[in-house]
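Student: So the chains spell out like this:
2 protein chains.
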Amino acid sequence: MNAEIITIGDEILIGQIVDTNSQWIGQQLNKIGVSVHQITSIQDDQQHILNALKEAQERVGIVIITGGLGPTKDDITKKTIAAFFNDDKMIEYPEVLLHIKALFKKINHPFKEVQIAQASLPSKATLLMNHFGTAPGMWFYENKTVFISLPGVPYEMKGLITNEVLPRIQKQFKLPHIIHKTIMTYGQGESRIAEKIEDFENNLPPHIKLAYLPSFGRVRLRLSAKGVHKENLEKELDCKINELYELIPEIITGVEDTNSLEKRVGELLTKANKTIATAESVTGGKIASALVSVPGASYYFKGSIVAYTAETKINLLGVSKETIDSQSVVSKQVAIEMARGVKQKLQTNYAIAVTGNAGPTSDHNSKGVGTVYIAFISDEQETVQEFNFGQPREKVINKTVSKSLEILRKEIL
Amino acid sequence: MNAEIITIGDEILIGQIVDTNSQWIGQQLNKIGVSVHQITSIQDDQQHILNALKEAQERVGIVIITGGLGPTKDDITKKTIAAFFNDDKMIEYPEVLLHIKALFKKINHPFKEVQIAQASLPSKATLLMNHFGTAPGMWFYENKTVFISLPGVPYEMKGLITNEVLPRIQKQFKLPHIIHKTIMTYGQGESRIAEKIEDFENNLPPHIKLAYLPSFGRVRLRLSAKGVHKENLEKELDCKINELYELIPEIITGVEDTNSLEKRVGELLTKANKTIATAESVTGGKIASALVSVPGASYYFKGSIVAYTAETKINLLGVSKETIDSQSVVSKQVAIEMARGVKQKLQTNYAIAVTGNAGPTSDHNSKGVGTVYIAFISDEQETVQEFNFGQPREKVINKTVSKSLEILRKEIL
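Chain order of the listed sequences is W and X. Numbers 1 to 413, taken from this note's numbering, label the letters of the first sequence in order. Numbers 1 to 413, taken from this note's numbering, label the letters of the second sequence in order.
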């Protein structure tokens with residue numbers, strides 16, 4: 001079964017916001033065996049919406065529309081969908097009206113006339129109750145195509161997808177399984193890898209696809225399989241992954257975890273009953289905030305010292321002024337001393353520290369833009385590694401965070 | 001002039017990555033007066049790409065295609081575009097081949113046969129030299145439509161858009177100006193605002209559009225104008241904004257800065273020659289990393305203490321154990337003591353501190369999930385505010401960061 005996602009709203013087209021809704025919906029649909037054929041972002045314009053609905057209907061069996069369901073004049077999705085279904089008439093749902101009034105009462109806002117229309121839906125719609133907001137979701141089934149209209153507010157959309165849309169799709173359609181597994185490689189470009197696995201790639205069965213995802217010195221190889229038997233697909237993919245391990249053993253660094261690195265680090269620390277702290281310069285607290293993004297982080301993460309100036313490194317982390325003067329603030333020795341300082345101050349089992357130059361200018365130290373040192377220390381050992389993450393600034397910072405988490409995972413294992 | 005953006009790659013459709021390229025391209029096109037009519041994400045599939053090109057050609061004058069230009073089998077954009085232009089033949093560009101070989105030499109990777117094809121382009125293409133990677137950009141002009149094909153790697157795409165695509169579009173077309181101004185309001189829902197400005201909205205001229213952008217208790221009102229004379233448009237929008245100030249003075253909190261909040265805070269601090277530090281609990285260093293994302297942050301940002309446990313708050317920030325025991329770790333008094341502690345330790349002019357409970361559980365303190373305290377102190381004053389940012393965890397953390405930056409901007413002003 002194929003689906004299309006249509007997002008309605010000028011704010012996406014003018015670049016005022018990033019469309020993260022579609023990514024999330026794509027992930028959820030994949031998990032239940034629905035492939036996303038296309039994602040289309042269109043304007044708040046009646047004719048444009050009508051065209052998009054018509055085109056999508058010709059291509060796929062499931063059309064998910066987000067956005068444009070608010071009570072104001074620029075929100076025209078509902079009346080446009082009614083027009084699309086042969087000028088369907090509106091029906092008021094008393095239970096929705098009660099729900100909206102209750103929401104307004106809860107936040108102590110006076111209920112307004114203009115909200116009444118929120119409780120009316122085209123007669124062909126099946127109501128999908130939105131417990132987190134005023135705009136109900138809608139489900140239509142016409143000419144063997146399901147149309148689902150949802151509000152664009154992320155947490156309202158997510159609630160409706162999880163509680164209403166996915167179970168209904170699973171009930172309506174017999175769905176295959178779709179499985180993705182991604183191998184991480186490091187150190188060779190995609191063209192070189194492609195040469196080495198040419199036969200492997202040519203001999204893949206039609207229901208397994210290979211994709212190369214290059215980024216900054218590493219290439220991820222994604223294998224996607226689609227079929228009826230989930231267990232068979234899993235086995236087939238594992239087989240293919242083993243073949244890859246034999247073909248390019250020297251560059252594979254592992255199978256991508258469906259969990260984020262920070263979540264994996266959290267699991268390892270919780271299991272080992274160990275604690276950690278970070279000392280950060282160039283990343284400005286971004287490693288700490290990645291760790292904290294995981295619920296329950298307070299069991300293992302004690303804190304961080306973000307020492308952005310030499311002065312702060314000396315005063316708060318106890319880095320020696322002599323080290324900074326002789327080695328420069330971006331150096332192996334400073335990274336190690338930062339790690340020692342934070343580990344001692346926060347009394348943890350592990351500590352990770354980073355110092356580097358993210359640019360754009362290479363001002364107050366002798367190391368070039370992109371140079372980063374990452375130190376990891378435990379009760380037993382101290383290690384420090386040098387990297388050059390190039391440019392621009394944003395890339396250096398992000399690469400430092402992900403490399404630090406990778407080092408953490410590896411060392412804690 | 002209208003444009004469409006077509007992004008090619010299964011990784012977007014399965015939700016493996018977020019399509020941030022389209023947002024950035026949308027912003028850049030808007031700045032030179034090009035409206036984005038539609039953004040379409042499609043599969044690495046020849047027929048799908050051909051259909052998308054054909055449909056876009058019928059709708060707009062500029063089609064920008066990103067992705068699918070790598071050297072591996074799953075990258076089929078170039079040969080598909082050649083097929084689209086009546087099976088155009090390929091021509092090798094020696095200067096591109098030299099450039100690719102030089103790139104490989106620079107990173108010390110052996111040059112591979114499969115890369116040679118990267119240096120060939122359809123004969124109808126104008127070469128857009130990609131200085132940051134191996135896949136050249138391409139520019140076609142056929143039947144009054146411009147087609148531009150670019151690599152999907154963000155920094156390669158950005159380099160080509162900035163240096164090659166935008167100047168060529170400006171040369172090729174006579175473009176209008178597009179201006180957006182966004183008013184920020186707080187404390188009333190969109191339906192209530194819509195009632196109050198109904199006449200204003202009904203009387204807007206056709207070249208000015210109004211959009212409501214609600215999120216978490218605030219509604220942004222975006223006015224967009226399109227026309228020939230930039231100065232006149234600016235004046236018209238300023239006029240309309242003044243009208244709004246008269247209609248809903250009690251809820252407008254300002255005009256949205258096109259700069260990010262952290263950049264604005266950085267400018268204010270640099271200008272005032274003042275320094276700042278943060279003490280963070282619930283945000284885990286995210287306020288610090290937002291500040292650090294701005295180049296030159298080391299001139300005013302000294303560092304941060306991320307104190308994620310009560311113990312760290314006491315040992316590193318000097319929060320009194322009595323305060324924590326009597327008021328709980330999520331309290332006004334703890335926020336204030338954290339701010340005092342970091343300001344004193346890092347010797348700054350300003351400090352901001354946050355403590356809160358992001359959930360999902362309300363474990364080791366008495367305050368409910370979503371409760372956050374933000375304290376700001378300077379040499380002259382101390383303030384602390386209480387917020388409830390609801391759920392889920394991610395929202396609480398992000399709202400705390402943006403509210404902290406808002407408070408910083410306001411207080412430093």
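Heads up, some of the hints might be wrong.
It does not matter which identical chain is meant; a pair holds if it fits inside one copy or across any two.
Stated by the list, open to error - Cross-link-like lysine-lysine pairs, in silico, BS3-like; alpha carbons within 27 Å at most:
{"hint": "1", "residue 1": "Lys-230", "residue 2": "Lys-112"}
{"hint": "2", "residue 1": "Lys-196", "residue 2": "Lys-332"}
{"hint": "3", "residue 1": "Lys-31", "residue 2": "Lys-395"}
{"hint": "4", "residue 1": "Lys-263", "residue 2": "Lys-395"}
{"hint": "5", "residue 1": "Lys-395", "residue 2": "Lys-158"}
{"hint": "6", "residue 1": "Lys-274", "residue 2": "Lys-321"}
{"hint": "7", "residue 1": "Lys-235", "residue 2": "Lys-181"}
{"hint": "8", "residue 1": "Lys-332", "residue 2": "Lys-271"}
{"hint": "9", "residue 1": "Lys-112", "residue 2": "Lys-410"}
{"hint": "10", "residue 1": "Lys-367", "residue 2": "Lys-209"}
{"hint": "11", "residue 1": "Lys-395", "residue 2": "Lys-235"}
{"hint": "12", "residue 1": "Lys-31", "residue 2": "Lys-158"}
Simulated from the structure, these hints should not be mistaken for lab results.
Student: Look at each hint and say if it fits the structure.
Tutor: We went through each hint and held it up to the structure:
no. : hint                : verdict
1   : Lys-230 <-> Lys-112 : neither (51 Å within a copy, 38 Å between copies)
2   : Lys-196 <-> Lys-332 : neither (36 Å within a copy, 61 Å between copies)
3   : Lys-31 <-> Lys-395  : between (30 Å within a copy, 24 Å between copies)
4   : Lys-263 <-> Lys-395 : both (22 Å within a copy, 18 Å between copies)
5   : Lys-395 <-> Lys-158 : between (30 Å within a copy, 13 Å between copies)
6   : Lys-274 <-> Lys-321 : between (31 Å within a copy, 24 Å between copies)
7   : Lys-235 <-> Lys-181 : within (11 Å within a copy, 55 Å between copies)
8   : Lys-332 <-> Lys-271 : neither (31 Å within a copy, 34 Å between copies)
9   : Lys-112 <-> Lys-410 : neither (56 Å within a copy, 32 Å between copies)
10  : Lys-367 <-> Lys-209 : neither (43 Å within a copy, 50 Å between copies)
11  : Lys-395 <-> Lys-235 : neither (37 Å within a copy, 38 Å between copies)
12  : Lys-31 <-> Lys-158  : within (15 Å within a copy, 33 Å between copies)
Against the hints set out earlier in the document, violations occur for numbers 1, 2, 8, 9, 10 and 11.
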